[in-house]
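Trainee: According to UniProt numbering, the sequence shown holds residues 1 to 363 in order.
Hints in this document: simulated from the structure, not taken from any laboratory.
Built from N, CA and C at the ideal position, the CB exists for glycine as well.
Errors might be hidden in some of the hints.
Straight-line alpha carbon distances no greater than 27 Å define the calculated DSSO-like cross-link-like pairs of lysine-lysine that follow [as the list claims (entries may be wrong)]: (1) 76 x 334; (2) 17 x 73; (3) 245 x 295; (4) 334 x 90; (5) 163 x 41; (6) 311 x 295; (7) 52 x 167; (8) 73 x 163; (9) 90 x 295; (10) 311 x 328; (11) 17 x 311; (12) 76 x 90; (13) 76 x 52; (14) 73 x 142; (15) 163 x 76; (16) 163 x 188; (17) 90 x 245; (18) 73 x 52; (19) 167 x 295; (20) 142 x 188; (21) 167 x 88; (22) 52 x 41; (23) 52 x 163; (24) 334 x 188; (25) 328 x 188; (26) 188 x 167; (27) 167 x 17; (28) 106 x 17; (29) 52 x 106; (30) 73 x 88; (31) 245 x 163; (32) 245 x 167; (33) 142 x 90; (34) 41 x 167; (35) 142 x 88.
Pair by pair, the computed Cβ-Cβ distance ranges are [to be verified]: (36) 51 x 7: 19 to 27 Å; (37) 4 x 59: 32 to 40 Å; (38) 236 x 34: 43 to 51 Å; (39) 177 x 149: 23 to 31 Å; (40) 181 x 5: 42 to 50 Å.
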Amino acid sequence: MGGIDQAFVQEPEQRPKPSTIEVDGIPVIDMSVSGTGGIEKLASEIGNACRKWGFFQVINHGVPLELRQRVEKVAKAFFDLPIEEKGKAKRDDLNFTGYHDEEHTKNVRDWKEVFDMLIEDPTFLPASPDPDDEEIRTYSNKWPENPPEFRETCQEYCREVEKLAFKLLELISLSLGLPANRLSDFFKHQTGMLRLNYYPPCPSPALALGVGRHRDGGALTVLAQDDVGGLQIRRQSDGEWIPIKPIPNAYIINIADALQANLKIILLKRDGILQVWSNDLYVSAEHRVVVNSEKERFSIPLFFFPSHYVKVKPLEELVNEQNPAKYKEYSWGKYYINRTGSNYKKLEAENLQIDHFKTPESE
1 MGGIDQAFVQ EPEQRPKPST IEVDGIPVID MSVSGTGGIE KLASEIGNAC
51 RKWGFFQVIN HGVPLELRQR VEKVAKAFFD LPIEEKGKAK RDDLNFTGYH
101 DEEHTKNVRD WKEVFDMLIE DPTFLPASPD PDDEEIRTYS NKWPENPPEF
151 RETCQEYCRE VEKLAFKLLE LISLSLGLPA NRLSDFFKHQ TGMLRLNYYP
201 PCPSPALALG VGRHRDGGAL TVLAQDDVGG LQIRRQSDGE WIPIKPIPNA
251 YIINIADALQ ANLKIILLKR DGILQVWSND LYVSAEHRVV VNSEKERFSI
301 PLFFFPSHYV KVKPLEELVN EQNPAKYKEY SWGKYYINRT GSNYKKLEAE
351 NLQIDHFKTP ESE
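Start from the sequences and build out the full structure, keeping to the hints where you can.
Mentor: And the structure:
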């Protein structure tokens, strides 16, 4: 069909349509501020963006441009390797890090290749989603032999973007009227990942998607994208898909489900903790990636996840008689390990959603 395998073909209602929408796009926030007044203004801007869009871009963020260019270079060098060479670092059933090219979103295969790595190496996670299983398993990164600078460059990049993620977490806490360090303890032994995405040219871009519609899990996603573009978010007000125009050296930030639950949890793929923590004050926005027939595209998201033992529920400071908790408590580690496999294969059932944790009163 259209020159691509049926596994990649989206249902008609999910296929991308030519966009005629002209919008300014998501907010662009300059992080180069100082002093109490500047921090308060910055937190307010971020709070407004979280409520209206669930997405924003940041500039003057402190991550060195030279480092970003180096990680983009090693990513391209890796994906340019023969498939046999890339396959030497392929993920398997025992270790979800490394290279793979069969990720599914909502049971349709994504038009992309991926390399995943843990920010903290090793990372500790539950051995199974069984609530009675107390075993903790150790996960370590798989690294390719080539390019030789791949490992060192990616680890250095992780450290710098992690600093930005913690800074954003503090600003989000302030925007909710909480102390800056309110969320920091949840990330003492974080379980986050860095992902390298490669989207090859697609012969039938009207039928396939680089990533199908979904919401991110965890707390925050910090995304670097190249100048090709392709990311679209679904606008809350009318459901239209809005393209996100690339800004040189900017990072795209999106609120994940965990924050929404203290913002609201709606899990479509790896939905977000921030939505839950915020008790639906902030939005975990649905998004997708469209592909094209002429240009390859690269993007590098850092998924910021809490420690495996964290119990996710609306923050107590944001819950009262007028605004009762909209989500039941759940274990991040158990939830995460339950979903880890589901993103890479076709399932017989719909993916686990954070809506499963909503309280009866909020439905």
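Trainee: With reference to the structure, classify each hint as holding or not holding.
Mentor: Hint by hint, here is what the structure shows:
Annotation: proposed proximity of residue 76 to residue 334 is violated, straight-line Cα distance about 34 Å (limit 27 Å). With a C-alpha separation of about 32 Å, the suggested pair residue 17 and residue 73 falls outside the 27 Å cut-off, and the hint is violated. For the hint linking residue 245 to residue 295, the alpha-carbon distance of about 16 Å falls within 27 Å, and the restraint holds. For the hint linking residue 334 to residue 90, the alpha-carbon distance of about 24 Å falls within 27 Å, and the restraint holds.
This hinted pair checks out: residue 163 and residue 41 have alpha carbons roughly 20 Å apart, not beyond 27 Å. The straight-line distance between the Cα atoms of residue 311 and residue 295 is roughly 43 Å, outside the 27 Å bound, and the hint therefore fails. Straight-line distance between C-alpha atoms of residue 52 and residue 167 comes to about 21 Å, which keeps the hinted pair within the 27 Å bound. Among the hinted pairs, residue 73 with residue 163 is consistent with the structure: their alpha-carbon atoms are about 22 Å apart, no more than 27 Å.
As the CA atoms of residue 90 and residue 295 are separated by approximately 25 Å, the hinted pair is consistent with the 27 Å bound. Taking the CA atoms of residue 311 and residue 328, the gap is about 10 Å. The hint holds against a cut of 27 Å. Pair hint residue 17 plus residue 311 does not hold up; C-alpha atoms about 40 Å apart against a cutoff of 27 Å. For the proposed pair residue 76 and residue 90, the alpha carbon gap of about 17 Å is at most 27 Å, so the pair holds.
Distance check on the hinted pair: residue 76 and residue 52 sit about 35 Å apart at the alpha-carbon level, beyond 27 Å; violated. Of the supplied pair hints, the one linking residue 73 and residue 142 holds, its CA atoms being roughly 19 Å apart against a limit of 27 Å. For the given pair, residue 163 sits about 24 Å from residue 76 by alpha-carbon distance, which is consistent with the 27 Å threshold. At most 27 Å may separate the alpha-carbon atoms for a hinted pair to count; residue 163 and residue 188 meet this at roughly 13 Å.
For a cut-off of 27 Å, the pair hint linking residue 90 to residue 245 is broken: about 32 Å separates their Cα positions. For the suggested pair residue 73 and residue 52, the alpha carbons sit about 35 Å apart, so the restraint of at most 27 Å is broken. Taken as a hint, the residue 167 and residue 295 pair is broken in the structure, with Cα atoms around 34 Å apart against an allowance of 27 Å. Of the pairs offered as hints, the one joining residue 142 and residue 188 holds, with about 23 Å between alpha carbons and a cut-off of 27 Å not exceeded.
For the suggested pair residue 167 and residue 88, the alpha carbons sit about 36 Å apart, so the restraint of at most 27 Å is broken. Using a Cα cut-off of 27 Å, the hinted pair residue 52 and residue 41 holds, with the two alpha carbons roughly 17 Å apart. Between residue 52 and residue 163 the CA atoms are separated by roughly 25 Å; this keeps the pair inside 27 Å, and the hint holds. With a C-alpha separation of about 17 Å, the suggested pair residue 334 and residue 188 falls inside the 27 Å cut-off, and the hint holds.
With a CA separation close to 23 Å, the supplied pair residue 328 and residue 188 stays within the 27 Å bound. A distance of roughly 14 Å separates the Cα atoms of residue 188 and residue 167; the hinted pair therefore holds under the 27 Å criterion. With a C-alpha separation of about 37 Å, the suggested pairing of residue 167 with residue 17 is violated against the 27 Å cut-off. Using a Cα cut-off of 27 Å, the hinted pair residue 106 and residue 17 holds, with the two alpha carbons roughly 19 Å apart.
Between residue 52 and residue 106 the alpha-carbon distance is near 26 Å, which keeps this suggested pair within the 27 Å criterion. Restraint check for residue 73 and residue 88: the C-alpha separation of about 20 Å stays at or below 27 Å, so the hint holds. A distance of roughly 25 Å separates the Cα atoms of residue 245 and residue 163; the hinted pair therefore holds under the 27 Å criterion. As the CA atoms of residue 245 and residue 167 are separated by approximately 24 Å, the hinted pair is consistent with the 27 Å bound.
Restraint check for residue 142 and residue 90: satisfied, since their Cα atoms lie roughly 8 Å apart, inside the 27 Å limit. For a cut-off of 27 Å, the pair hint linking residue 41 to residue 167 stands: about 15 Å separates their Cα positions. Of the supplied pair hints, the one linking residue 142 and residue 88 holds, its CA atoms being roughly 9 Å apart against a limit of 27 Å. Between residue 51 and residue 7 the beta carbon distance is about 38 Å. The supplied range of 19 to 27 Å is therefore violated.
Take residue 4 and residue 59: their Cβ atoms lie about 37 Å apart, and the range 32 to 40 Å holds. Judged by the Cβ atoms, the range 43 to 51 Å given for residue 236 and residue 34 is violated: they are separated by roughly 33 Å. At about 44 Å, the beta-carbon gap between residue 177 and residue 149 misses the expected band of 23 to 31 Å. The hinted range of 42 to 50 Å is satisfied by residue 181 and residue 5, whose Cβ atoms lie roughly 49 Å apart.
Checked against the numbered hints listed earlier, the structure breaks hints 1, 2, 6, 11, 13, 17, 18, 19, 21, 27, 36, 38, 39; every other hint is satisfied.
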